[in-house]
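Use the sequences and the hints to build the structure in full.
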Amino acid sequence: MAALTEPRHGYAVMSLIEEKTKGTFIVGPASLYTIIKKLIAEKLIQIHDDTDSRRKVYILTRKGRDILLQDIERRKGMIYMAEQGLQRGHI
Amino acid sequence: MASNGLAFFEELDMKKLSKKAAKGWHLKRFRFAGYELEKGEAEDVIYNIDYRTLPVDEKDEYFELFAFGGWTHVCSSADMHIFKATPGTTPIYSDAESAIDKLARLAKPVNIVASIMLAISMILWIWMSVSSGTLQHIAQQGFACSLIITVPALMTSGGVYYHMWKSMRVNS
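Chains as they are written, first to last, in the numbering used here: chain A, 1 to 91; chain B, 1001 to 1172.
If you're looking for bench data, these hints aren't it; they were derived computationally from the structure.
Because the structure is a prediction, the values reported are computed rather than measured.
Hints may be right or wrong, so weigh each one.
Stated by the list, open to error - Straight-line alpha carbon distances no greater than 30 Å define the calculated DSSO-like cross-link-like pairs of lysine-lysine that follow:
{"#": "1", "chain 1": "B", "residue 1": "K1059", "chain 2": "A", "residue 2": "K63"}
{"#": "2", "chain 1": "B", "residue 1": "K1059", "chain 2": "A", "residue 2": "K43"}
{"#": "3", "chain 1": "B", "residue 1": "K1059", "chain 2": "B", "residue 2": "K1015"}
{"#": "4", "chain 1": "A", "residue 1": "K56", "chain 2": "B", "residue 2": "K1059"}
{"#": "5", "chain 1": "A", "residue 1": "K43", "chain 2": "B", "residue 2": "K1108"}
{"#": "6", "chain 1": "A", "residue 1": "K38", "chain 2": "B", "residue 2": "K1166"}
To be verified - Here are the computed distance ranges between Cβ atoms for each label pair:
{"#": "7", "chain 1": "B", "residue 1": "I1148", "chain 2": "A", "residue 2": "I72", "range": "56 to 64 Å"}
{"#": "8", "chain 1": "B", "residue 1": "G1024", "chain 2": "A", "residue 2": "R62", "range": "19 to 27 Å"}
{"#": "9", "chain 1": "B", "residue 1": "E1058", "chain 2": "A", "residue 2": "S15", "range": "14 to 22 Å"}
{"#": "10", "chain 1": "B", "residue 1": "S1077", "chain 2": "A", "residue 2": "E73", "range": "42 to 50 Å"}
{"#": "11", "chain 1": "B", "residue 1": "W1165", "chain 2": "A", "residue 2": "R54", "range": "30 to 38 Å"}
{"#": "12", "chain 1": "B", "residue 1": "F1032", "chain 2": "A", "residue 2": "H48", "range": "41 to 49 Å"}
{"#": "13", "chain 1": "A", "residue 1": "K76", "chain 2": "B", "residue 2": "S1115", "range": "44 to 52 Å"}
{"#": "14", "chain 1": "B", "residue 1": "P1152", "chain 2": "A", "residue 2": "A82", "range": "45 to 53 Å"}
{"#": "15", "chain 1": "A", "residue 1": "P7", "chain 2": "B", "residue 2": "F1032", "range": "43 to 51 Å"}
{"#": "16", "chain 1": "B", "residue 1": "I1116", "chain 2": "A", "residue 2": "P7", "range": "43 to 51 Å"}
{"#": "17", "chain 1": "B", "residue 1": "K1028", "chain 2": "A", "residue 2": "A82", "range": "36 to 44 Å"}
Quick reminder that beta carbons are idealized off the backbone N, C-alpha and C, glycines included.
What follows is the structure in structure tokens.
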């Protein structure tokens, strides 16, 4: 979802993830396709431009944006907890 | 090449296709209960299969994504699509969640067939129990014939659920 804060087509999402994780994580095409279909069904993303049927462009919806923000907060909380724990810890 | 039954031995089928390709026999298309191979150059490739109903306007995008991921489309039959890639390519399903979704999609038609066949067998069985004479004889024959399809259909259904259960356990 973070990859669709700006309009992107499917394989731009794939290459962005590969680039950002320095090639340590690559999304399989069938996984990505399944995820795109799911996010559309849940109205978290929408089609931004489908003039090129090979490369449909998707973008986050308002609802998707809210969910993403919630998820960021949740992850921040986890990171904070882990950092605090490590500082207090004995390892 | 005969298939071992995709619901049970999908991985085995894909590995066998790889081995054949290494010997120069390449997958050409699906055939009833198996695959048609074609003689060519020996090639080191891996195969993956996906199950998906593709509306016409989504075909291009779907195959384009696979091509970008390094997977060449080999052949399709109804809702089954086989792809090949060089060894080491990221599998078409890189996470457990979407892999389970794939099995759920496969389970749907399999379950429909299994339920219909089970219903037919049960009706014939009841008929066989209540009727007599020639009618009973016909019902008996019908019941025996229906079992030929019902039993494998139920086994296939079970096979899909077994894989789903296995994937879920790995996931959690």
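Hint check:
1. B/K1059 to A/K63: holds (28 Å)
2. B/K1059 to A/K43: holds (21 Å)
3. B/K1059 to B/K1015: holds (26 Å)
4. A/K56 to B/K1059: holds (12 Å)
5. A/K43 to B/K1108: holds (24 Å)
6. A/K38 to B/K1166: holds (23 Å)
7. B/I1148 to A/I72: 56 to 64 Å: This hint holds: roughly 57 Å between Cβ atoms.
8. B/G1024 to A/R62: 19 to 27 Å: violated (55 Å)
9. B/E1058 to A/S15: 14 to 22 Å: holds (21 Å)
10. B/S1077 to A/E73: 42 to 50 Å: holds (47 Å)
11. B/W1165 to A/R54: 30 to 38 Å: holds (37 Å)
12. B/F1032 to A/H48: 41 to 49 Å: holds (43 Å)
13. A/K76 to B/S1115: 44 to 52 Å: Given range 44 to 52 Å: holds, Cβ gap about 48 Å.
14. B/P1152 to A/A82: 45 to 53 Å: holds (51 Å)
15. A/P7 to B/F1032: 43 to 51 Å: Cβ of A/P7 to Cβ of B/F1032: about 45 Å, so the range 43 to 51 Å holds.
16. B/I1116 to A/P7: 43 to 51 Å: Between B/I1116 and A/P7, where Cβ atoms are some 45 Å apart, the hint holds.
17. B/K1028 to A/A82: 36 to 44 Å: The hinted range 36 to 44 Å is violated for B/K1028 and A/A82, with Cβ atoms some 53 Å apart.
The earlier numbered hints that this structure contradicts are 8, 17.
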